[in-house]
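K.L.:
Protein chains in written order, with numbering that gives the first Met the number 0: chain A, 0 to 514; chain B, 0 to 96.
For the record, the hints were derived by calculation from the structure and aren't laboratory data. Any given hint could turn out to be false.
[As the list claims (entries may be wrong)] Pairs of lysine to aspartate or glutamate, EDC-like flavour, derived with a Cα cap of 16 Å:
1. Lys269(A) with Glu41(B)
2. Lys504(A) with Asp8(B)
3. Lys109(A) with Glu514(A)
4. Lys109(A) with Glu371(A)
5. Lys4(B) with Glu501(A)
6. Lys16(B) with Asp87(B)
7. Lys89(B) with Asp8(B)
8. Lys227(A) with Asp81(A)
9. Lys40(B) with Asp81(A)
10. Lys227(A) with Glu41(B)
11. Lys6(B) with Asp82(B)
12. Lys86(B) with Asp267(A)
13. Lys397(A) with Glu161(A)
14. Lys40(B) with Glu226(A)
15. Lys223(A) with Asp303(A)
16. Lys6(B) with Asp87(B)
17. Lys6(B) with Glu371(A)
18. Lys504(A) with Asp3(B)
19. Lys504(A) with Asp39(B)
20. Lys16(B) with Glu90(B)
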Amino acid sequence: MNEFTSTIGQPNLVSIIFFFVFIVATLYITYLAALRSRTAAQYYTAGRSVTGWQNGLALAGDYMSAASFLGIAGLVSLKGYDGLIYSIGFLVGWPIIMFLIAEPLRNLGKFTFADVVAYRLRQKPIRIAASIGSLMTVCFYLIAQMVGSGSLITLMFGLPYEVAVVSVGVVMIAYVLFGGMLATTWVQIIKACLLLGGATVIVFLVLLHFGFDVAAMFGQATAKYGEKVLLPGGLVSNPWDAVSLGLALMFGTAGLPHILMRFYTVPDAKEARKSVFYATGLIAYFYILTFTIGFGAMIMVGQDIITKFDKGGNMAALLLAEVTGGTVFLGFIAAVAFATILAVVAGLTLAGATTLSHDLYVNVLRSGKSSEEDEVRVAKRATLGLGVVAIVLGIAFKGQNVAFMVGLAFAIAASANFPALLLSILWRNLSTFGATLSIATGTTLAVVLIVLSPTVWVSVLNNPAAVFPWKNPALISMTGAFLAGWLGSVLKPDPGASEAYENQKIRNYLGVGAE
Amino acid sequence: MALDKDKFDALVRRRWKVSLSLTAIMLVIYYGFVLILAFDKELLSGRVAGGTMTLWIPVGLGVILAAWALTGIYVAWANSTYDRLVKDIKEGMRGES
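Required output: the full structure, derived from the provided sequences and hints.
P.N.:
See below:
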């Protein structure tokens with residue numbers, strides 16, 4: 000039998016060509032977008048001109064990271080069915096966004112989810128608390144993405160880690176700084192089409208190999224690696240842990256600032272709801288593709304070769320692309336993975352910059368009195384600042400175990416952002432003190448319990464046993480945030496806010512006065 | 000600008016009845032799946048498709064498709080019923096003002 004060779008890890012001409020075409024095209028779009036990104040609404044929300052279908056693609060683009068494409072395909076290729084369990088957890092938050100959050104958010108807010116929470120409450124305490132929740136979610140997610148991108152680009156092209164992180168950071172800053180939401184949205188749309196298209200072609204080639212007989216594919220997987228690949232393994236063992244992680248994924252998705260912000264790019268609540276339907280369908284389709292890609296790689300590449308390139312299996316999808324479509328196809332898929340990384344960090348940076356300028360600068364420092372030019376100028380400085388921070392932290396965390404950071408981002412989103420948002424939409428008597436206390440409690444519990452959990456206390460800090468037994472604290476931190484919101488509102492009510500609830504309801508349910 | 004309070008309250012109640020029911024269905028489906036994983040893995044280990052697949056595979060794909068189908072049900076309801084009720088209430092407001 001021939002020794003398996005691959006060109007992964009070497010500069011690939013096709014990849015470089017595809018990559019340059021992508022960069023030139025997206026920077027040209029950024030240039031066009033820059034001409035139409037002068038007012039705050041244009042810069043933050045693309046002038047609310049994005050259609051439901053376009054926003055559905057862009058939402059899917061924001062959510063389908065390189066980590067989920069390469070990581071889940073790798074997980075399936077090594078563990079089989081467990082990879083699907085993981086994907087399902089990341090999908091089930093989308094219906095929750097649709098049923099509880101999307102339309103109220105669109106009707107009540109302007110640029111950020113803090114607009115909704117602060118709608119009838121005192122601006123400053125709410126804006127400060129909500130900004131901390133938002134910025135922590137964005138920063139942890141961003142660090143995880145930057146570190147992941149550095150390692151993936153090193154594996155794919157053999158570039159030094161630091162060069163990879165700096166180049167991702169610089170291109171991302173260019174998109175967001177000059178093109179704002181309009182450029183970011185189109186980068187997401189193009190990336191989503193490339194990723195879904197590329198993954199579809201891989202799956203088509205895999206199915207072609209098995210004569211379009213899925214049963215034959217699973218049959219060969221069992222013959223080669225045993226029954227266990229078709230059965231759940233060790234991913235879910237402690238039921239409380241599983242319930243808690245499930246809560247973080249379901250309700251955390253509905254608290255991710257860069258996802259929530261996208262609902263302001265569509266003209267009204269009707270387009271917002273349509274966009275969630277399209278996004279959910281596209282993400283569901285994507286997870287079915289990655290599951291098939293994982294099994295294809297398991298059989299057609301083989302687990303021993305996949306782990307030879309990367310122990311975590313991250314190169315499985317790329318190796319499969321090479322086996323099915325040769326070096327040219329490998330180059331294309333690697334360029335798509337790179338584009339995916341750029342798009343996701345751009346979305347995160349824009350969300351962080353909006354929080355810094357719209358929530359903190361305009362509504363806290365300037366008490367809501369600031370000119371549009373001023374606001375956009377601060378947003379651009381914040382983009383530059385966050386971009387530099389992302390590059391610096393990406394390099395600082397080189398080689399560190401940052402896997403817990405995505406779990407932490409979801410836990411904070413589910414505990415700090417989601418409860419306050421839901422209470423402000425549904426509960427007449429939520430008070431300023433209650434909402435602030437809810438956000439503070441949710442953030443503190445999520446961070447402290449994650450640090451004491453096995454994911455940080457044992458895996459990162461190398462202690463022998465964890466103080467807090469579960470991998471994800473959402474069951475406690477989210478419940479705590481709701482209780483704190485109730486307790487704070489009972490202890491220190493806001494009669495004015497309760498009276499204003501009737502007006503909020505009219506705008507929320509009828510869309511009257513929505514921006 | 001006169002708002003028909005009864006109609007409006009009925010609209011809000013109906014909106015949350017639909018969306019909270021759909022949320023509950025999603026929770027039951029997902030947590031049903033997770034709890035079977037945690038407590039009785041054998042339940043779905045039976046074979047289908049001529050013995051090449053475990054029942055887990057169609058069930059897992061079923062959860063994914065169910066999540067999407069629920070969002071579809073909500074959009075269909077909101078695009079027809081909810082939007083019509085909102086239009087009705089808004090026309091009432093305009094008519095009397």
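K.L.:
Against this structure, judge whether each hint is valid.
P.N.:
Hint check:
1. Lys269(A) with Glu41(B): 44 Å, violated
2. Lys504(A) with Asp8(B): The given pair, whose Cα atoms are some 10 Å apart, holds under the 16 Å limit.
3. Lys109(A) with Glu514(A): Satisfied, since the Cα-Cα distance of roughly 6 Å is no more than 16 Å.
4. Lys109(A) with Glu371(A): 14 Å, holds
5. Lys4(B) with Glu501(A): The hint holds at about 11 Å.
6. Lys16(B) with Asp87(B): Violated, at roughly 20 Å.
7. Lys89(B) with Asp8(B): 14 Å, holds
8. Lys227(A) with Asp81(A): 10 Å, holds
9. Lys40(B) with Asp81(A): Answer holds: Lys40(B) to Asp81(A) is near 12 Å, not above 16 Å.
10. Lys227(A) with Glu41(B): Status holds; Cα separation ~12 Å.
11. Lys6(B) with Asp82(B): 13 Å, holds
12. Lys86(B) with Asp267(A): 14 Å, holds
13. Lys397(A) with Glu161(A): Cα-Cα ~9 Å, so holds.
14. Lys40(B) with Glu226(A): This hinted pair holds, its Cα atoms lying about 14 Å apart.
15. Lys223(A) with Asp303(A): Measuring from Cα to Cα gives roughly 12 Å; hence the hint holds.
16. Lys6(B) with Asp87(B): 9 Å, holds
17. Lys6(B) with Glu371(A): 39 Å, violated
18. Lys504(A) with Asp3(B): 13 Å, holds
19. Lys504(A) with Asp39(B): Violated - the C-alpha atoms of Asp39(B) and Lys504(A) are around 45 Å apart, more than 16 Å.
20. Lys16(B) with Glu90(B): Roughly 24 Å separates the two Cα atoms, so the pair is violated.
Hint compliance for this structure: hints 1, 6, 17, 19, 20 are broken, all remaining hints hold.
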